[in-house]
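In terms of the working numbering, the sequence shown has 65 at position 62, counting the first letter as 1, and numbering is strictly consecutive.
Read the hints as simulated data drawn from the structure, not as lab findings.
A few of these clues could be false.
Estimated spans, in silico, between C-beta atoms of each pair [said to hold, decoys possible]:
no.: 1; residue 1: Pro68; residue 2: Ala22; range: 33 to 43 Å
no.: 2; residue 1: Arg60; residue 2: Thr82; range: 14 to 24 Å
no.: 3; residue 1: Gln57; residue 2: Asp24; range: 12 to 22 Å
no.: 4; residue 1: Gln92; residue 2: Gly5; range: 11 to 21 Å
no.: 5; residue 1: Ile79; residue 2: Asn56; range: 18 to 28 Å
no.: 6; residue 1: Gly99; residue 2: Asp33; range: 15 to 25 Å
no.: 7; residue 1: Val109; residue 2: Glu51; range: 44 to 54 Å
Idealized CB from N, CA, C, for every residue including glycine.
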Amino acid sequence: MGTVLHIGSDYALVLRRLAGDRRQLTAEEDWPSCPPATAENWQQAVEELARLNQLLRQAVRAFPPERLDEPLIVEIAHTAYDQFIGVTQHNLYHAGQMVLHRRALVAA
Numbered sequence: 004m005g006t007v008l009h010i011g012s013d014y015a016l017v018l019r020r021l022a023g024d025r026r027q028l029t030a031e032e033d034w035p036s037c038p039p040a041t042a043e044n045w046q047q048a049v050e051e052l053a054r055l056n057q058l059l060r061q062a063v064r065a066f067p068p069e070r071l072d073e074p075l076i077v078e079i080a081h082t083a084y085d086q087f088i089g090v091t092q093h094n095l096y097h098a099g100q101m102v103l104h105r106r107a108l109v110a111a
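Required output: the full structure, derived from the provided sequences and hints.
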């Protein structure tokens with residue numbers, strides 16, 4: 004569940020930057036504390052991730068293409084394009100981890 008919460012924090016960070024918020028993630032925001040591992044908490048985490056994903060997808064679609072080479076905020080040198088592609092790369096990295104964890108659990 005921790006990785007799902009962490010991926011959501013990445014979505015939230017880019018959404019914040021799109022809104023002009025210059026704050027970096029705190030350690031707690033980057034890797035939120037996990038609630039007890041219950042079906043209800045898992046469902047809530049997945050639903051929140053889906054909600055943030057939808058918001059970010061809408062924001063990226065609405066983003067002016069002529070601004071893709073500009074930073075979202077001046078404190079971060081990465082362009083909007085870098086930020087948007089970075090979210091995808093981050094997701095794929097952690098998706099690979101999840102596959103490896105699942106394989107290890109099945110093999111155990």
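List of violated hint numbers, smallest to largest: As far as the earlier hints go, 1, 7 are violated by this structure, in ascending order.
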